[in-house]
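K.L.:
Next come the chains, spelled out residue by residue.
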Amino acid sequence: MGPKAIDVGRHPNIELLTYSEVEAVSGYVGNFSVKIRKKARYVDPEVCNSCNECAKVCPVVKPDEYQMGLGSRKAIYIPYPQAVPCSYILNMDDCLGTTPIACGKCADVCEQECIDYDDRDEIIERDVGAVIVAIGLDVYDPTELDDYGYTRFENVITSMEFERLICAGGPTAGHFIRPTDRERPKRIGFVQCVGSRNAAIGRPYCSNICCMNTIKDTLLLADHYPDLTNTVFYQDIRAFGKSFEDMFQRSKEAGTRYIRGLPGDIEEDPLTRNLLVTVENTTTGKLERHEFDMLVLSVGVIPPKDLAKISGLLTLSKTSDGFFLESHPKLKPIDAPTRGVYFAGFCESPKDIKDSVCQAGAAASRSGALLNAGQITVEAITSYIIEDACTKCGACASVCPYGAIIWEKGQFPVVVEAACAGCGCCGATCKSNAIVMRHFTDEQLIAQIRAILADKPEDKVFVFACNWCSYAGGDMAGISRIHYPSTNRVVRTMCSARVSEDMVLEAFRCGAPIVLVSGCHYADCHYINANRQTVKRVQRLWNKLDRLGIRPERLQLEWISAAEGQKFAKVMVQVEELRKKVTKEEIEQTIKALQEKPKKQRKAKSAKQTEASVSTP
Amino acid sequence: MTKKESFRCMMCGYEFEEPVEPGEDKERTCPMCRSNSIRHMKKRAVKDKTGESDE
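Note that the protein sequences, when read in sequence, are chains A and B.
In this text, residue positions in the first sequence follow the numbering used here: the first is 603, and each later residue adds one.
In this text, residue positions in the second sequence follow the numbering used here: the first is 107, and each later residue adds one.
Source of the hints: derived by calculation from the structure; they are not laboratory data.
We put the beta carbon where it would ideally sit given N, CA and C, even for glycine.
Please note that a few of the clues may not be correct.
Anything over 12 Å on all C-beta distances counts as not near chain B; from chain A, calculated [claimed, not checked]:
#: 1; residue: Asn633
#: 2; residue: Cys650
#: 3; residue: Pro661
#: 4; residue: Cys688
#: 5; residue: Pro702
#: 6; residue: Cys705
#: 7; residue: Ile725
#: 8; residue: Asp749
#: 9; residue: Thr753
#: 10; residue: Glu756
#: 11; residue: Asn810
#: 12; residue: Lys818
#: 13; residue: Lys920
#: 14; residue: His930
#: 15; residue: Gly976
#: 16; residue: Lys1194
SDA-like cross-link-like pairs, simulated, lysine to any residue; straight-line CA separation at most 25 Å [stated by the list, open to error]:
#: 17; chain 1: A; residue 1: Lys1138; chain 2: B; residue 2: Glu111
#: 18; chain 1: A; residue 1: Lys911; chain 2: A; residue 2: Gly924
#: 19; chain 1: A; residue 1: Lys1138; chain 2: B; residue 2: His146
#: 20; chain 1: A; residue 1: Lys1182; chain 2: B; residue 2: Met138
#: 21; chain 1: A; residue 1: Lys956; chain 2: A; residue 2: Asp923
#: 22; chain 1: A; residue 1: Lys920; chain 2: B; residue 2: Gly129
#: 23; chain 1: A; residue 1: Lys920; chain 2: B; residue 2: Pro128
#: 24; chain 1: B; residue 1: Lys132; chain 2: A; residue 2: Lys956
If we strip away everything but chain B, and leave its shape as in the complex, we get (with noise of 0.2 Å):
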């Protein structure tokens, strides 16, 4: 199910929304700079395989 999430450039500040699909692959642009620093805002906490976690 796609659902709208939250972004912020960390290279200008743009702050975006752009639909996100589970399992998706996608190299995310800024649309105002076309800068990869692209930060998912609304990234929980959770760990990953790799036994990383964003805490």
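Just chain A, same shape as in the assembly (with noise of 0.2 Å):
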């Protein structure tokens, strides 16, 4: 990767800011405002030659992070050795002190007067058009997993470690040496899956590239070490890619033994320091003990620990593994949900240098035809504010999952359209109505509402029905010829935080017997986190129906995605046996019980949008 970097060091047109973070992002597609906290390095690296002469006389010795702590480092160092810009940076964590300056041995010694003790950190704003998040990975601890004797047992370390071990950068120099009595291993072991595929520690994801990361290594210490026996025990091979199994195969011919199983207990010869490996081979199904010099955990890899701070800064959203979810898996695997914001490599899901090298040229692509373009086209169902009817509450802005509305208190909000996805969710909060989606307007959907309940609405269930899951959930099932009862109406929206309260219990008013609302899965969600509200809203209404003494149940909630055409049946095979129950002395009172206030309130509040929406595009 270093002569990458220095490329991208070079580029006209790449600024590079290393040695910095992200603050702040504001704005939207086009008109991105970036708030950069450039760090104190207190050397210049402008002037900076890397001569060495200060790290020489630091007396600081820490344990090097990038030698995963089996090196040294002074306080004041370059982080690699391909490191762009090729400068030290003092680490003032580790430095004995600059106020007073109680050592200042490397300002000292420095020729070229590069070391400035009052440097500090410094904020810059960029002016970007699109962003591409490309923050990485970290890798797996596993010290929670002491059932294999990392924390116990020295010559248990990790691939991480390994890979510094071996390599000639290394601190060993690539001479691979064990650490108990850095003599050359003899029997190495790899353990795989540590971290991975493992639900017990909340990760059941594969991390995608350890086995052939395994598969590699057991090939470098074949070449390096012809007298070497390595083991791997693992629970299924995944070599998959290009040349992959062509890898797995030389492995196996080099003499590496792979055996189906994990260790099940790890121990120690106080006398050798080697360690004794107890295994059910699932392959023949028999108890087996190994004795190994060494013991490699390959160590899965987890989502990035600034992750959920890149996820506040860009509206971003995680799925269930904790990775970035992406605006579509199938046909936007580049986008985030968030309009002009792509991905680029693990932060998205776990992949190999191939795909993540894929990723980010295709988001290169995005974002250059985004920008090239110099205009973008806004589906015709964006938010507008009827400013006649708003009470400057500022809810919308709160609900809203793309931060599309921009608000301060004892000001009307503003709707960034470039930024509206459409979901809706901002209308159906509103109390005032004051916000109204185009093309799915509270009077629309009140309309369809009141056209299917017009008649015998007693023999009907009331479905609302999300355009992206659920009602493709529906489609899905009518084109598989799945039979479900006929008796549901449905009512699409755009999500399922389109639908308001008033109009679920407008479809009460009218008669309904049950009225289901439906949505994407959590992790399907179309709108970043927008069916969120959905689940608060029927909550409220489920305790409302309470207090009226309508039955709760009457009101179902349901998350089909568009694959589940069997479950879309299944639901409206339920809900029929529900509105069954429901008798129509029990729909008189519902619509008694609702009748009063609501209604007048609605009249008066659509009264007060008609007479708005008038003046208003």
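Starting from two chains that each stand alone, build the complex the way the hints lay out.
P.N.:
Here you go:
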């Protein structure tokens, strides 16, 4: 990666800000404003010639993070050999002190006079049109899985530590030794899936890279040390990429033994410090015991620790495994749900270098296309504010998953239409009907409800279905010819969050025996996390119905994905069973309980809205 | 701090308890019928940011 980083650093159209952190992002597609903290380096990178004289005299010795703690560094150091810019950094947390100067030796020996103890963090701002999120990954820390003895036995190391030990630029200059006696080990064991595919520790996903990394390591060892024996303990070897199977076969031909089964117990011989591994070989069904000089834990990858912060800055959401959620898993795997934001690499999902490079290229291409177009097309389903009806409460801004509504206390909110995706959550939240979602207005939806329930409402199950998942789930049930009761009547909204309390109550007022609100599963929400507002709303409605003496069971909530035709049909059967239990008297009582106040209120509000919308686009 | 709280399935009526973590973002499903109509029974009437309340 070194030469690539140098190319980036020298490119006339790329400004490389290293040792910097994004503090805030505001704006929207094409008009982002990014606030960046340039951390104090205390060394001028323009002047420093990396002569290393400062590090030679520095008295502070600390574990080197880049060498996984297997080597040491000084308080003034180059983070890693190919760092760009190739300049020293003074870590103030490690330095003996500069106010007053406790040591000052580095500055004394620096002929370039590039060390400045008064250097301070700097906040800079940049205007950008698109953002590519490429924040990488963290590696699983196996200390919590003490079954493998990582915290107890020195000769149990992780795959990352192995990389440093075998690397020519590592702490042992590439001479592979084991930590306890600094002798070259003869028998190495590799344990796969440490921190991956393990639901018990909350990491059920496959880390994607560990199998091939271990296969590569076994080939490397076989090449460097032909007398060494390698054994790999695995659940499944996932060698699915181009030439991967070939590598796997070469590893086996080179003498690596692959045993299907993960170790159950690991002990250390107190004399030799060798490791005794007990494992059930699931291929033979026998319990085996193996002795190794060293054991390498093939650790999985985890979402980077900064993911939550970036998620907040760019209004992104996460999948259940903690990585960023893409706009669409198949059709828009590069795009974030927030327009103008793209993903590259691990932060979206575990992937190898090749896939990361592909995704990075695609992200660059997508953002290039966006910026070169100079203009964007917005769907005609965005929202707008009716100022005459607005009470300036700001509720709309607080629920917008895209941050597309700008509001300050005492001011009218403003919808940034370029950022609005059209979920309609704001419109359903607004108590004063001051937000209109184009083509999915309250009036239009209420009119649909009334029309559907105008005739024999007691025979119908009223369904609100979101455009992307549950409506498509209904389609799937249809095209799959799955039978389900024909009593349901569906009103489509873009998101389940568009369904307001008033719409549900209007359906009951019109005589609906059962109302079903359905949307995407949590992980599939097409509007980041708008359907969480649906849950809150339905929860409030259940409580309200209870208070009004209406059975809350008559309001149902279901998450149905586009592929779940079977589930759609099953839910329709279930709600039909519920419908049969609702009597005419119960419906009449419900209508009576809901009749008075809300209707008057809505009439007044809609009159206000109609009046205001005459003068609004 | 994780706390056990009561839930009721509005589809089949099954009542159950589940740990709830502050700020969790979890899709709930009935352990009996797999429905998502899960009512949080101990939810107090609290005004949220939207100004809407249970009461």
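K.L.:
All the hints need checking, so say for each whether the structure fits it.
P.N.:
Tested hints:
Separation of A:Asn633 from chain B is adequate, the least Cβ-Cβ distance of about 26 Å exceeding the 12 Å criterion. No beta-carbon of chain B comes within 12 Å of the beta-carbon of A:Cys650; the shortest separation is about 44 Å. A:Pro661, annotated as away from the interface, keeps every beta carbon of chain B farther than 12 Å; the closest lies near 45 Å. Even its closest Cβ contact with chain B, about 43 Å, leaves A:Cys688 beyond 12 Å, as expected for a residue assigned away from the interface.
Residue placement check: A:Pro702 keeps its beta carbon more than 12 Å from all beta carbons of chain B (closest about 44 Å). Separation of A:Cys705 from chain B is adequate, the least Cβ-Cβ distance of about 44 Å exceeding the 12 Å criterion. The beta carbon of A:Ile725 sits about 29 Å from the closest Cβ of chain B, which is more than 12 Å, so the claim that it is off the interface holds. No beta-carbon of chain B is positioned within 12 Å of the beta-carbon of A:Asp749; the least distance is around 24 Å.
Non-interface call for A:Thr753 relative to chain B: holds, since the shortest CB-CB distance, roughly 25 Å, exceeds 12 Å. No beta-carbon of chain B comes within 12 Å of the beta-carbon of A:Glu756; the shortest separation is about 35 Å. No beta-carbon of chain B comes within 12 Å of the beta-carbon of A:Asn810; the shortest separation is about 24 Å. Once the 12 Å rule is applied to beta carbons, A:Lys818 is consistent with being away from chain B; the minimum gap is 37 Å.
Some Cβ of chain B comes within 12 Å of the Cβ of A:Lys920; the nearest lies about 8 Å off, and the non-interface call is violated. The beta carbon of A:His930 is kept farther than 12 Å from every beta carbon of chain B, the shortest such distance being approximately 19 Å. No beta-carbon of chain B comes within 12 Å of the beta-carbon of A:Gly976; the shortest separation is about 37 Å. No Cβ of chain B comes within 12 Å of the Cβ of A:Lys1194; the nearest lies about 22 Å off, and the non-interface call holds.
For the given pair, A:Lys1138 sits about 16 Å from B:Glu111 by alpha-carbon distance, which is consistent with the 25 Å threshold. The suggested pairing of A:Lys911 with A:Gly924 holds, with an alpha-carbon distance near 13 Å, which does not exceed 25 Å. Taking the CA atoms of A:Lys1138 and B:His146, the gap is near 10 Å; set against the 25 Å cutoff, the hint holds. Restraint check: the Cα-Cα separation between A:Lys1182 and B:Met138 comes to about 21 Å, which is no more than 25 Å; the hinted pair holds.
The suggested pairing of A:Lys956 with A:Asp923 holds, with an alpha-carbon distance near 22 Å, which does not exceed 25 Å. Taken as a hint, the A:Lys920 and B:Gly129 pair is honoured in the structure, with Cα atoms around 14 Å apart against an allowance of 25 Å. Note on A:Lys920 and B:Pro128: the hinted pairing holds, with a Cα-Cα distance of about 17 Å set against a maximum of 25 Å. Between B:Lys132 and A:Lys956, the direct Cα distance comes to roughly 33 Å. Violation of the 25 Å bound is thereby established for this hinted pair.
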